Each structure stands twice: as C-alpha cells, then as structure tokens.
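Enquirer: The chain contents come next:
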Amino acid sequence: MNRVQRPTDLALNRTGIYLSPTDGPAVVEGAREAPSSPGCARALAEVRRQYAGEVGLIGHMPAPASLRVVENAGGTPVPRHRVHLLLDKLGERLAFERTGVRLFDALIAKCEAQGSWEGGPTLAELAEFRADEAHHFALLQDVLINLGADPTAVTPSADLAGVELAGIVQVVSDPRTTLPQALHAHLVAELVDSASWEQLVDIADDFGETALVHKLREPLVQELHHRDAVTAWLKRHAALVVSGTLDYGA
Amino acid sequence: MTLDLLREHGTPLARQVFTWKDLVREPISKLDDEAFTRVRLIVGYAGEQAAVRFQHAAVHFGAEHRILLADLRRVEHHQATLLRWLQPADQSPLECSIAMAQAAVEVGAQMARCEPDPYVAQALRLGLLEDFDHLYRLAALMDRLEGRDANAILQSYTDIRPGRPTATQHRAPEDDLRRWYDRCATAPTTKLHARIASALAYQVRDHYLDVGPTFADPVARQLYAELASVKEQHVTQCESLIDPAETWLERWLLQEAAEVYLYWGCLASETNPRVRAVWERFLAYEIEHLRLVRELYEKTELRDASEVVPTSFGDPLAFTGERAFIREVLAAELELGAAGTEFVPRDAESRATQSYRAQLEREGSPSETVAAGYRWSPGTELADPRIRDASVLPPLKATGS
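Protein sequences appear in the order of chains A and B. Note that full-length UniProt numbering has the first sequence beginning at 1, numbered continuously upward. Note that full-length UniProt numbering has the second sequence beginning at 1, numbered continuously upward.
It cannot be assumed that every hint is accurate.
As the list claims (entries may be wrong) - Computed far set for chain A versus chain B, every beta-carbon distance over 10 angstroms:
hint, residue
1, G24
2, A43
3, D206
Said to hold, decoys possible - Pulled a few chain A residues facing chain B out of the computed Cβ check, cut under 8 angstroms:
hint, residue
4, I58
5, R98
6, E112
7, L123
8, F137
9, V154
10, A166
11, S173
Note that these hints are calculated values from the structure, not bench results. Note that the coordinates shown come from a computational prediction; the quantities given were computed from them, not determined experimentally. Here a beta-carbon is modelled for each residue, glycine too, at the ideal position from N, C-alpha and C.
Here chain B stands alone, though its shape is the one from the complex:
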C-alpha cells in the first residue's frame, strides 16, 4: 500500500472552505465508536495544532510568504476545530485525558516499533513507558475520584498497569535533550516520527494544563500539574531530535508531509463512515498544502523537494493495539533513565536530575498518592471485594466523632 504524493490530486485552496455548521458536526459516540476512532481524532487534532504553531512562528523567518502562511494557517485552524469538535460532550475531561494518554501510548509505540533510527527509537520508547504510566495514574484517579472504569474508554486495547513510575520521570532540563538527527543522512520516516511525537506530546501537555485546574479535588490538581511537567519534558526531548540546521522552508515541507502521512493512516484504518469522510477530505486538503509548499520550496531554495520529503509513502500508521510490543519494552527498559543525551540505567542518572526530583517531591508525590496500592480490576478496583469492603476510616476514629 503506497501513497504517491506527486500523482494524487489535492483540493484547491479556494475550495477548502467551511461553515459553522460544517465545523460543528454530530460528534462520535463515546459508547459505540471504536477507541481508535477517538485516538485518530486526537492525533489529527495534535497534527493540526502543530501546523498552526509552526506557521505562526514561521512568519518571523519568512515574512515574504506571510500571505500563504496565513491562508494555510486559517484552513489548518478550521481543520483542528472540526476534529476537536467531533469529541462528544458526555466525555468528561478525565475521560479525554485517558483517551489522550492512550493515543500517546499506542501511536508512540507504533512509531517506536517502526522507527529505523535506533537512537530515535530509543527516545520514543523512553517516552512510551512514561506515557504508559501516566495512563495507569489517570485510571486510578478516575476510579478513586469518580468511581468510573478507564477501560470503558480504552476498550481493552491498552493495559492499565504501572510503567516507569511517574515519580522517577522528572529529570533536569539538560537530561531531556537528545542528539539531533542528521538532516542529510536520516530517513524521512524518522523526520516525520519526530514531528508527530512532538505534536502529540505538545497536545497532551496543553490538555493537562487546560484540564488540571478544572478539577476541584486537590489530588487531581496535583496529578495534572505533575503529568503536565513530564509532558513538557517530552516536548523538549522530541524537539531536540530535530536537526536545527533544517531551513524553515524544509521544516514547513516536513510539517505538511507529516500531516499527509497522518491523514493517510487515519483514512486507511477508520471504521466510522462519517469520520472516514472527514479523513478523505482532509487528506486531499493536506496533499494540496504539501504541493504548494513543495513549489515554494523549490522556487525559493532552488533544490528538489524530493531530497527532503519522499515522493510516496510506504505503509501508513496502522492505529492498532501494540500490547505485545509495549510489554516487551516494559520488561526490558523499565529501569532506564537519561543523563545528558544518553540513555542510562536509573542509578546512573545525573546529580542534577536527582536533586531536581528530590526538590519537586519534597512535599509528596501526587502520582504515588493517587495510585497508592492501586490495582485495576474490570469494573474498577471496587469490583474486588477485598478493596470494596475494606475499612475507610482512620483507625482511631472508627467509631465516629
């Protein structure tokens, strides 16, 4: 299965239009739709948000192209809106967080498994085990705050068990920086993976920051603050993988290519016909965006764009459960950390990281508190009679006061 980027026709920019009604469609069903439909919407939205962020920043470097940047950015913004608005209102903020963590885990795992560059693959696996643990902590929060089962969102695709404990994920900023790939020698897939991982990490970070303060419960507020901090680290890690010598036009080209790659994967695997029609439409939009930027790149930099982005894509992202791979990574790399740009056993982490972590946790660890003794059971931990019937009163006050 291949997508020929030079032969496929996109939708002309003038026809990439929306109405408010078009943007606000019937959302997916939290109960009836496939978990991966939700995941695809999250990843597509993250890609669009990354495009908008990039195109805003790009104005500082390519002011002469600000009209094209503004034109494309407006379309990307409305694409982001349509995708975000397909999420249903009966999906609570915490359920959205569970879904976002699932997206980070499953898409992160697939990219890590297929990544050709061993060093970048290792970086993706480092993030994977951390997102995996976030999912477990969020599931514990949902169970213990709201009495609800995270598996109703995950639909049994993703395990609910500890990964690399969140409390051990906090690293000094310099230990989140990685070696960047060589723009001239690296496979295009690696460049796209770095961008998609970065977009997703950014989106989850923003989500945790937006949603965290909407909770009243202090443990929930603390946990979101902690998870957002780790996601900031993940953004730092992913961005640092990208070669800073890439020109801004080269980056724009890769950004558009990453969106095409994402939508192609979404279209190839979507089960909901209404959402599938959206992927088809947006793939055609992005193919045209890529064509326009390709033209601009070749005209401006006088280079063949095919040196930067491929003329066709091989296999699309599959959006399927990665349980076996994740368990394999869990078994092999749970104790891994990072020091400088290298991946090291946890006991070899830097002094800077150790003191940074100790400082943050001087007044307790939210991720440890929320999941203290937590073991997920189908239907929440309350389905386990030993948990359900255990005393909840402090020992000395058991008779009431």
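This is chain A alone, in the form it adopts within the complex:
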C-alpha cells in the first residue's frame, strides 16, 4: 500500500445509489412495481426455529486422559459437566491466544511496512504484546496438561473462537488495510479477550482453585493492558487526523 494513500481520501466509490441519478430512481421504481413473495421476514425465523429444534450440537468435549485436580477440588467431588465448563473455557482461551500471536505477527509486518504515528504502537510494543500472547498460550497448555486434559484438542468454545476470529484475521492480514484499520479489528479481539479472561478467572474462583486463579490473574492484567493500549493508539490516531497533524514517520 502506498503510504501517502489514506482510506479517508475521496475517490470513485461506486456503492451508493445517489451516484446513479438515472439508474438509481429506475431501480427503486422497478422494485416498487414487482410483486413480492407473501409473508414477512418472520418466515426466516420460522425455518431457523425448526432447524434449531432438530439438529445436534457443533461438537462435544473430548474425553480427557484423566481429570486429576479439579474433579476433587477442595476434597469434594465436582460434577463432571462443571469440570468440562472450565476445560472448555481454558481451551477457548488457548485457541484465542495462539491466534493472537499470529495477529500480532501480521500487525508487526504491517507496522514495519507502513510505520506508526506519535503515540501509536512501536514495533517493540507490538513484539512485547506478541510475547505476552505466546506466554499465555504456553501457560494454558501447562494448566490443561496439569488438569489431565489434552491441550491439542479443539473444545467447542475453542472451535467457535476460531469462527469469531476469522474476520479479524482477514482484516489484519490484508495488505490493503492501514495500521489503524487493522488495529480497530484487533481491538475487537482485545475486548473479547480481556472480558473472557475475567470470566475464566471467575470460573476458576468458583471451583475454589486458588492456585489456578493466581496463575490466571497475570494474563488477565496483561490483556487489560493490551485492550487499553490499543484503544489509546486508536484514539491518538483519530485526534491527530482531526488536528491535521498526523505523520506516519513516528
């Protein structure tokens, strides 16, 4: 991408109907005259409801090698489905953090190519955040292994995290997107990630797993920092654009 190009510059964007003074009104007129299928948008809900009543789940939890720690938390047996909630969510965070590493890889490449702005991310900061994600991934692997679970298994929530993240990967890895556009997509990931770490700590706390809670608090703090940093970079970028002082040479 040419560094002097900005997505907010004017060019011929052909998507709006008002760009077509003749064809625009004609297409409106054509739609008005055409008969429609009977019913309303509620028809879609009916089909969705029908399928929801008939189909099974996306998938289930894998059978663990053994559940050593949590099943007997505090000396009291814990029902297996509750243990699986914790394992499912640990698996979800593991998948998210691993993809997070790759998101930062793509952000670093973009920052190298495009440069940053005063108050924006530096390569060193992005590399530090990337190392945090990698560390969280490794920590979750250890936690799952210690709980007797298989850290390579894709749990149902981990699978859905992959679906959720797909759009973010697309925006960040697109060479046509600017660093602020990519960071905006990445902010979605950081907002979900920080909220999900909070939830994970709460679940571990509910199990009375004090040592686990302690382990999970450090990533939570770091993810909250990531979220705030990305937010600040984007706010600063907007402020510089508004003041007309944006310079990518920082």
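Fit chain B to the given chain A structure using the hints.
Expert: Positioned in the frame of chain A, the structure of chain B alone reads:
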C-alpha cells in the same frame, strides 16, 4: 466381500427425489465425526461433480439421449448438493483445504497401492507425493496465518511433513501427459481408479481456485494459486491415462460404475449412522443409473456391457490411513519427476520443464515462503518454545520505530 451389480436392485429414477429440506440436513460435526467421514463426503462429492461434468459434455456426442442425460444429471447434481451441504459451517475454507488434501493423499495412496497396472500405479504415486506436500504447506499456512493446528482436522491419520517439494512439481504441459491404458486389455479397476483420481484432482483444483481469492493474506493467495496450478497438472495427468478410443457410451458406463464403486466403499466403512443412510440411499441411486446406462449401451452399441464394466466388485475402497505405504513411497520416490510420458529422476527432467519452473518462480516461491523452516508440532509450531520465544522483529528495528 463382493457387490453383485446385476442382482442388486437400485431405486427407480422416478423415486430419486429431494426436497430443499432434504438437501440441507444437519451437517457432520467437525469436532466429533471421524476424519474419514469428512474424506468420504469429499470423494463422493467429487464423483458427483465429475458425473455432472461428463453428462454435460456428453450432450455434444449423444444428443439423441439428451433426455436421459438431463434426468440423470439433475439427480447427480442434487446428490452433489446434499453431500457438499453435509460439511459444517464452522469448518473454515483453510480447514476444508486441509481435508481435501487429506482426501487426495489417503484415497490416492489406497488406489496407488491396489492398482494392478504398474505404469498407472506409478502415475498415482507421483501425484500422491505432491498432494502430500500440499498438505504440509497448507498446514504451515494454517499455523502461521490463523494459529491453528491442522491435525485437529487430520486426526493423526496423515503425517504433516514435506513430500516432493511443491516448488519442484511444476512441469511443462507436455511432461504431464501419460501413456493411456489399452481399453481392451486393461483391468476395470484401473479404469475406475483413473476416473476417481481424475474426479478428485478436478475437485481439489476447483476448490483451490474458489477458495484462494477469499483470503486477504498475500502469501495465502499466492500459495493457493500455486497449488491450483499443480492440481491442473494432476487433472491433465489423470485424464491422459484414459484411452481416447473409448466410446462416449463406454465412458458413461465407466463413470456410473465408478460412482457405484465409490458409494459402496463409503457405505462399507462409514461410522456415522446419519451419513451411512445417505451412502445406502445413493448407492441404490447409482446402481439404477448404471442399469439404465448399461441398457442403453447394449441397445446402442450392440455389445455386452460386461466387457466394459464388471458384473461385480471385489473389495471396496477401505478409507483407512495409509501411513506405512506413504512413507515407503516417500523414501523411494521423492526425487522422481517426469519427462514426456516417462517417470525420470529429477535431474533428467526436460529443458521445457526447467525453464517453465524457472519462469514461474522468478519472483519467489509461495510454497517455500509459507513453510520456511516449518516443522509441525502437536498444537502448532508455537508449542515449541524455541519457535514461540524467537524474536519476530527485523534485526535492525528491534527497539521499535
């Protein structure tokens, strides 16, 4: 275990009907279903797509039979739809590619291992090692772009390691053509293998072409362009194995027989009861298609169809992992290439191939880039601390700019 094609009753064509709801069933589970259930769906779909393609082209040769062609084609199309729609939406395009490469590798390996004609078997093994390498490159892409582990799709049936490097697979068109089998002397199994391999190669080519541009990442887009090109070569190779002297009705007969053979294998090995019911239903459909075409063939060509297709099948395709065979082929034939219709050591490849390859790679090799230094570990390469903790910054900018 045999399937008697003359005694089995198919479903009458008038009863081969669908509804939209029937076509759009609950998909398989990416997490819970067996990898080979996914593989079978891919291969079945590829077979149906090949049937539709053939029956469209056949109208040019047998216009007098266009009604029967249209009738069967419509059913084949809906069979293809039902099979394709059994793939789940949480399976990403890249995961679908991994699954398709696994199908090409595992089914290709089984056919190569069982193929009675040594020359055709060699051609299948050539393609096998190339698909095997595609799988490795796609796994590297999935790992490095999305941070995900291809083995979750492969379920440990198929190794993730280099095969014949994709960068060395590009050959001049004339070096992808093979000698065709003799229609009068070749075993029916060979004819079916050539068709199934061709259908699968065609399907994977189309898939790479469809999916490649949906990626934003430039390395991914380049890699898919490169893999699609090799799959075009594989289609060329597989199609060239088929005797051009076969009449179009003979080809139709063999196409239907190949579908019966595929569905029989799918039915014999399926573990998911819902999908098994689909195989049972489609096998009965295809037995009837084969009967109709057999009748037409005998009436039109005044020959016994049993001279072309067998009256029974011996062993069905097993759809099991072929690790041992693949490793054996890897060890023995990694350095093999092709010159003209012959298989030769890589250093004996033609000048045309060498210059074709050099031209394509003048601005870099996507398959080499994506897998630079890549070694798969359980849970992705990031599970290896040496990779995970290595610096990702360019040396001169390590302090940020």
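Enquirer: Name the hints, by number, that the structure is in violation of.
Expert: No numbers; nothing is violated.
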